[in-house]
Amino acid sequence: MNALKRLVEELDPTLHERGRLAIVSVLAAVDHLTFTELRDTLGMTDGNLSVHLQKLEDREYITIDKQFVGRRPQTTCRLTRAGQRAFTRYLDHLEAIVQQGRGQRGA
Amino acid sequence: MDARQAARNLEVIRTLMERTCQYQLLTARAGLAAGSLAGAGAIAFFFLDPESAWQFGITWALVFFGSLLSATISIILRGRQRGERVWSRPARAVLLALAPSVFAAMAFSVFFFARGEHLWLPGVWMLCYGQGALATSAYAPSPIRWLGLAVLLLGCLTVWLGTGWAILMMGLVFGLGHVGLGTALLVSERRENTIRLHREVA
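Those sequence lines, one after another, are chains Z and S. Residue 1 is where the first sequence starts when you use the working numbering, and the numbers rise one by one after that. Residue 1 is where the second sequence starts when you use the working numbering, and the numbers rise one by one after that.
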């Protein structure tokens, strides 16, 4: 149980929030996504998504580029290498928690 | 968080990633409809003359456009059901990947019909279809990949067997093949319905 508790405590708090984890999960699967695509894929409101994106950008897990396509502003989000590494570490932690749970059930 | 929650989170992450880059709107119903139409097309040649270019062309054109229509309708309905846009990034990627094979199939169709050798087309269509399906494999659920590989190999067999087997192979490969695809997608759809969707995470 101590090992499990330690693993849970080691989870990255930035990614351990549902909305941010969902954002990073979809960005990990593609090169980039626009704000609109993220919002529509995840079913978030504009405000909610903006707050999460800001926090991820503050941690340098994503980059946010704003440009004009024609006359329309477009915001594009990409996962950085640091973000990819953090996501991979988070997945490894989850796997370790699952394995720890299996080990405890077997014991 | 306990181990069960961690396992569930991993499953939801996997689903989210798949839904982002995979084309998910293809339905089992579309596969089953295409398979049924292809089977009906092959059966029709018990009454029609396969040597007749017109009868051959019209029958398989009806099967093709009927399958396309059924797929389009089911994709639109599935998109509405899921609240997803039909014209999406994965959809564009799939169409772009398919375009060369579709173009090649059309070009070969014109060529072989012009030469009066249309009975070679089933094998050629299978080769183009198999190649197209494999080209979308980065964006498609795994049953599409296996179907593509199977149709590619069976296309080679069809060409090798010759024109006498063309209609039968069309029925078997496109008919049974799509029924098999539809069945595999049905199993996959039922499994996905038991996985809680991304809104559980977001």
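The set of hints was computed from the structure by calculation and includes no laboratory data. Warning: the hint list may mix true and false statements.
[Unchecked claim] Label-pair distances were calculated between CB atoms; the ranges are:
hint: 1; chain 1: S; residue 1: LEU96; chain 2: Z; residue 2: ASP40; range: 19 to 27 Å
hint: 2; chain 1: S; residue 1: LEU96; chain 2: Z; residue 2: THR63; range: 19 to 27 Å
hint: 3; chain 1: Z; residue 1: PHE68; chain 2: S; residue 2: ARG92; range: 16 to 24 Å
hint: 4; chain 1: Z; residue 1: PHE68; chain 2: S; residue 2: LEU10; range: 22 to 30 Å
hint: 5; chain 1: S; residue 1: ALA114; chain 2: Z; residue 2: PRO73; range: 49 to 57 Å
hint: 6; chain 1: Z; residue 1: GLY43; chain 2: S; residue 2: ALA114; range: 48 to 56 Å
hint: 7; chain 1: S; residue 1: SER137; chain 2: Z; residue 2: ARG39; range: 26 to 34 Å
hint: 8; chain 1: Z; residue 1: HIS32; chain 2: S; residue 2: ILE58; range: 40 to 48 Å
hint: 9; chain 1: S; residue 1: LEU10; chain 2: Z; residue 2: GLU57; range: 52 to 60 Å
hint: 10; chain 1: Z; residue 1: ARG6; chain 2: S; residue 2: CYS156; range: 54 to 62 Å
hint: 11; chain 1: S; residue 1: GLY164; chain 2: Z; residue 2: THR88; range: 28 to 36 Å
hint: 12; chain 1: Z; residue 1: THR45; chain 2: S; residue 2: ALA114; range: 22 to 30 Å
hint: 13; chain 1: S; residue 1: THR72; chain 2: Z; residue 2: ARG72; range: 23 to 31 Å
hint: 14; chain 1: Z; residue 1: THR63; chain 2: S; residue 2: LEU153; range: 39 to 47 Å
[Said to hold, decoys possible] Residues of chain Z placed beyond 10 Å of chain S at every Cβ, according to the derived structure:
hint: 15; residue: ASN2
hint: 16; residue: ASP12
hint: 17; residue: ILE64
hint: 18; residue: ASP65
hint: 19; residue: THR80
hint: 20; residue: ARG89
hint: 21; residue: GLN100
[Stated by the list, open to error] Every beta carbon over 10 Å from chain S, so not counted as near; a handful from chain Z, in silico:
hint: 22; residue: PRO13
hint: 23; residue: ALA29
hint: 24; residue: VAL30
hint: 25; residue: ASP40
hint: 26; residue: THR41
hint: 27; residue: ASP58
hint: 28; residue: THR63
hint: 29; residue: ARG72
hint: 30; residue: GLN74
hint: 31; residue: THR75
hint: 32; residue: THR76
hint: 33; residue: ARG81
hint: 34; residue: GLN84
hint: 35; residue: ARG102
Owing to the predicted nature of the structure, the values given are computational and were not obtained by experimental measurement. Just so you know, even glycine gets a beta-carbon here, dropped at the ideal spot from N, CA and C.
Evaluated hints:
Between LEU96 of chain S and ASP40 of chain Z the beta carbons are some 21 Å apart, a value that agrees with the proposed interval 19 to 27 Å. Between LEU96 of chain S and THR63 of chain Z the Cβ separation comes to about 26 Å, which falls inside the hinted range of 19 to 27 Å. Checking the proposed 16 to 24 Å range against PHE68 of chain Z and ARG92 of chain S shows it holds: the Cβ atoms sit about 21 Å from each other. For PHE68 of chain Z and LEU10 of chain S, the Cβ-Cβ distance of about 39 Å falls outside the hinted range of 22 to 30 Å, so the restraint is violated.
Separated by about 52 Å at the C-beta atoms, ALA114 of chain S and PRO73 of chain Z satisfy the suggested range of 49 to 57 Å. With their beta carbons about 52 Å apart, GLY43 of chain Z and ALA114 of chain S fall inside the hinted range of 48 to 56 Å. The hint said 26 to 34 Å for the Cβ distance between SER137 of chain S and ARG39 of chain Z, and at roughly 29 Å that hint holds. Take HIS32 of chain Z and ILE58 of chain S: their Cβ atoms lie about 46 Å apart, and the range 40 to 48 Å holds.
At about 25 Å, the beta-carbon gap between LEU10 of chain S and GLU57 of chain Z misses the expected band of 52 to 60 Å. At roughly 57 Å, the beta-carbon separation of ARG6 of chain Z and CYS156 of chain S lies within the given 54 to 62 Å, and the hint holds. A C-beta distance of roughly 56 Å is found between GLY164 of chain S and THR88 of chain Z, which places it outside the suggested range of 28 to 36 Å. Between THR45 of chain Z and ALA114 of chain S the C-beta distance comes to about 58 Å, which lies outside the given range of 22 to 30 Å.
A beta carbon spacing of about 28 Å between THR72 of chain S and ARG72 of chain Z agrees with the range 23 to 31 Å that was offered as a hint. Between THR63 of chain Z and LEU153 of chain S the CB atoms are about 44 Å apart, so this pair conforms to the stated range of 39 to 47 Å. Remark: the non-interface label on ASN2 of chain Z is consistent with the geometry, its nearest Cβ contact in chain S lying 14 Å away (cut-off 10 Å). Listed as a non-interface residue, ASP12 of chain Z keeps its Cβ farther than 10 Å from every Cβ of chain S; the least gap is roughly 13 Å.
Distance check on ILE64 of chain Z: its Cβ is at least 18 Å (rounded) from any Cβ of chain S, clearing the 10 Å threshold; non-interface status holds. Once the 10 Å rule is applied to beta carbons, ASP65 of chain Z is consistent with being away from chain S; the minimum gap is 17 Å. No beta-carbon of chain S comes within 10 Å of the beta-carbon of THR80 of chain Z; the shortest separation is about 17 Å. No Cβ of chain S approaches the Cβ of ARG89 of chain Z within 10 Å, the least distance being about 13 Å, so the stated non-interface status holds.
Chain S draws GLN100 of chain Z into its interface by the beta-carbon criterion, the shortest separation being 6 Å against a cut-off of 10 Å. Against the 10 Å criterion, PRO13 of chain Z stays outside the reach of chain S, whose nearest CB is about 12 Å from its own CB. For ALA29 of chain Z, the shortest C-beta to C-beta distance to chain S comes to about 4 Å, within the 10 Å cut-off, and the non-interface label is violated. For VAL30 of chain Z, the condition that its CB be more than 10 Å from all CB atoms of chain S is violated, with the nearest at approximately 6 Å.
For ASP40 of chain Z, the shortest C-beta to C-beta distance to chain S comes to about 7 Å, within the 10 Å cut-off, and the non-interface label is violated. Not every Cβ of chain S is farther than 10 Å from the Cβ of THR41 of chain Z; the closest lies at roughly 6 Å, contradicting the non-interface assignment. With a cut of 10 Å on Cβ distances, ASP58 of chain Z stays outside the contact zone with chain S, its closest approach being about 20 Å. Interface exclusion of THR63 of chain Z from chain S stands, the closest Cβ pair being 18 Å apart, more than 10 Å.
With a minimum CB-CB distance of about 17 Å to chain S, ARG72 of chain Z clears the 10 Å threshold, and the non-interface call stands. No Cβ of chain S comes within 10 Å of the Cβ of GLN74 of chain Z; the nearest lies about 14 Å off, and the non-interface call holds. For THR75 of chain Z, the non-interface assignment is confirmed: its Cβ lies about 15 Å from the closest Cβ of chain S, beyond the 10 Å cut-off. At roughly 12 Å, the least C-beta separation between THR76 of chain Z and chain S is larger than 10 Å, which holds for a residue marked as non-interface.
Separation of ARG81 of chain Z from chain S is adequate, the least Cβ-Cβ distance of about 18 Å exceeding the 10 Å criterion. Interface exclusion of GLN84 of chain Z from chain S stands, the closest Cβ pair being 13 Å apart, more than 10 Å. At roughly 7 Å from the closest C-beta of chain S, the C-beta of ARG102 of chain Z falls inside 10 Å, breaking its exclusion from the interface.
Figure legend: structure checked against the earlier numbered hints; hints not met, in rising order: 4, 9, 11, 12, 21, 23, 24, 25, 26, 35.
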